[in-house]
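Engineer: Single-letter residue listing:
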Amino acid sequence: MSEKRTLKSRLLCATYKLPMSISCEEFETFILAHEENELTWRQQIVFNAHLKICGACRTYLADYQASVNLGKSILRDAKAAPLPERLVQAILAARTPGS
Amino acid sequence: MSENDDADLVVRLKAGDEAAFSELVHTYGPRLLKHAEQFLKDNTAAQDSVQDVFLQAFQKIHNFREEAALVTWLHRILINNCLAYLRKNESAETLTIDSLMPKFDWTGTRTEARHEPLPSVKDLIAQKKICETALKKMNQLPDLYRCVLLLRDIEGYSTHEASAALLISVSMVKVRLHRARSALKKLLEPTLLEFHT
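Residue numbers (our numbering), protein chains in the order written: chain X, 1 to 99; chain U, 1 to 197.
FYI, nobody ran anything at the bench for these hints, they're computed from the structure.
Treat the hints with care, as some may be off.
Claimed, not checked - Calculated cross-link-like contacts (lysine-lysine; reagent style DSS-like; alpha-carbon spacing at most 30 Å):
hint: 1; chain 1: U; residue 1: K136; chain 2: X; residue 2: K72
hint: 2; chain 1: X; residue 1: K79; chain 2: U; residue 2: K88
hint: 3; chain 1: X; residue 1: K72; chain 2: U; residue 2: K14
hint: 4; chain 1: U; residue 1: K136; chain 2: U; residue 2: K60
hint: 5; chain 1: U; residue 1: K41; chain 2: X; residue 2: K79
hint: 6; chain 1: X; residue 1: K79; chain 2: U; residue 2: K103
hint: 7; chain 1: U; residue 1: K186; chain 2: U; residue 2: K41
To be verified - From the structure, some residues in chain U lie toward chain X, with a derived Cβ separation under 7 Å:
hint: 8; residue: V25
hint: 9; residue: F58
hint: 10; residue: C131
hint: 11; residue: L184
hint: 12; residue: K185
Claimed, not checked - Simulated DEER-style distance windows between Cβ atoms:
hint: 13; chain 1: U; residue 1: R65; chain 2: X; residue 2: A56; range: 34 to 42 Å
hint: 14; chain 1: X; residue 1: A33; chain 2: U; residue 2: K60; range: 20 to 28 Å
hint: 15; chain 1: X; residue 1: T40; chain 2: U; residue 2: E161; range: 21 to 29 Å
Note that beta-carbon positions come from the ideal geometry of N, C-alpha and C, so glycine has one too.
Isolated chain X (complex conformation):
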């Protein structure tokens, strides 16, 4: 690995090895289960603990939730236009045998 391992990153890495602590990458794998209320109580504690100490993941999770909600709102609120009359006639004509 060519990436330089600084003292800070070594310390961070050591922190993540503490019991009940996870890295941002591991936190990422819990997000969906968290959103679906599928985390076990132990996983939830670990998840919340990481969220408390990591500002990047707090922002990430808030943005993730905002984006999902925005996507849902846009698609659900999209207005349904009336069917073109030509399409209505084609559908009804196709139903009638011999048309």
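With the hints as your guide, set chain U onto chain X.
Structural biologist: Using the frame of chain X, we list chain U on its own:
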């Protein structure tokens, strides 16, 4: 349309009432077309799909058991049609999902730039322009991921139902859903920040 109206409509459809077929198309057609356009991103293909849904519904109305609502039954047919169409016609104009995934360094720490939290969704959707931009961004998601997102987040399918509709495992649905949502966040972020500032 209420459940009673639906029940009455089904009875008339099964009896071959011409007016009932027209009523069915006019009542549910617009909603089906909207959903077909969201899946297929193409108005012509969406119209063809809706036409096919109604033709299948006309043929199978005698098998309709009324355990589900009529609209749900029509939606199921539509979604199966749309998914079959997408399997046959892979879209070329999408981004690769990997480029939209979050990045981490070797310690597993997030490497993305931090910013102020995004504004509330309520404030954002009031702006018509952002809705149009966001919709375009969403359509850039690869179909494999967009479909999971639509089924789970818009159509309200459970993970198991989505798994059955997409012919993939439950765990694959979960993986794709999370990747789709992460990618959506990445795609929407610049737009949201632009409107925020």
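Engineer: Quick check on a hinted range of 34 to 42 Å for R65/U and A56/X, using CB atoms only.
Structural biologist: At 51 Å between Cβs, range violated.
Engineer: Holds or violated: K72/X with K14/U, Cα cutoff 30 Å?
Structural biologist: 36 Å, violated
Engineer: Take the C-alpha atoms of K186/U and K41/U, compute the straight-line distance between them, and say whether it is at most 30 Å.
Structural biologist: 21 Å, holds
Engineer: Less than 7 Å between beta-carbons is the criterion; does C131/U satisfy it with respect to chain X?
Structural biologist: 5 Å, holds
Engineer: I want to verify a distance hint. Is the separation of the beta carbons of A33/X and K60/U within 20 to 28 Å?
Structural biologist: This hint is violated: roughly 38 Å between Cβ atoms.
Engineer: Does K60/U sit within 30 Å of K136/U, going by the straight-line distance between their CA atoms?
Structural biologist: 36 Å, violated
Engineer: Verify the CB-CB distance for T40/X and E161/U against the hinted window 21 to 29 Å.
Structural biologist: Since T40/X and E161/U have Cβ atoms about 24 Å apart, the given range 21 to 29 Å holds.
Engineer: Holds or violated: is there a CB of chain X closer than 7 Å to the CB of L184/U?
Structural biologist: 5 Å, holds
Engineer: Is the interface hint satisfied for K185/U? The criterion is a beta-carbon contact with chain X at less than 7 Å.
Structural biologist: With a closest approach of 4 Å, the K185/U hint holds.
Engineer: Are K79/X and K88/U close enough, with their CA atoms no more than 30 Å apart?
Structural biologist: Given that 30 Å is the threshold and the Cα spacing comes to 28 Å, the pair holds.
Engineer: Need the status of pair K41/U, K79/X: alpha-carbon distance at most 30 Å?
Structural biologist: Roughly 15 Å between the alpha carbons, so the hint for K41/U and K79/X holds.
Engineer: For K136/U and K72/X, compute the direct alpha-carbon distance and say whether it is at most 30 Å.
Structural biologist: 14 Å, holds
The structure is inconsistent with the numbered hints 3, 4, 6, 13, 14, although it conforms to all the rest.
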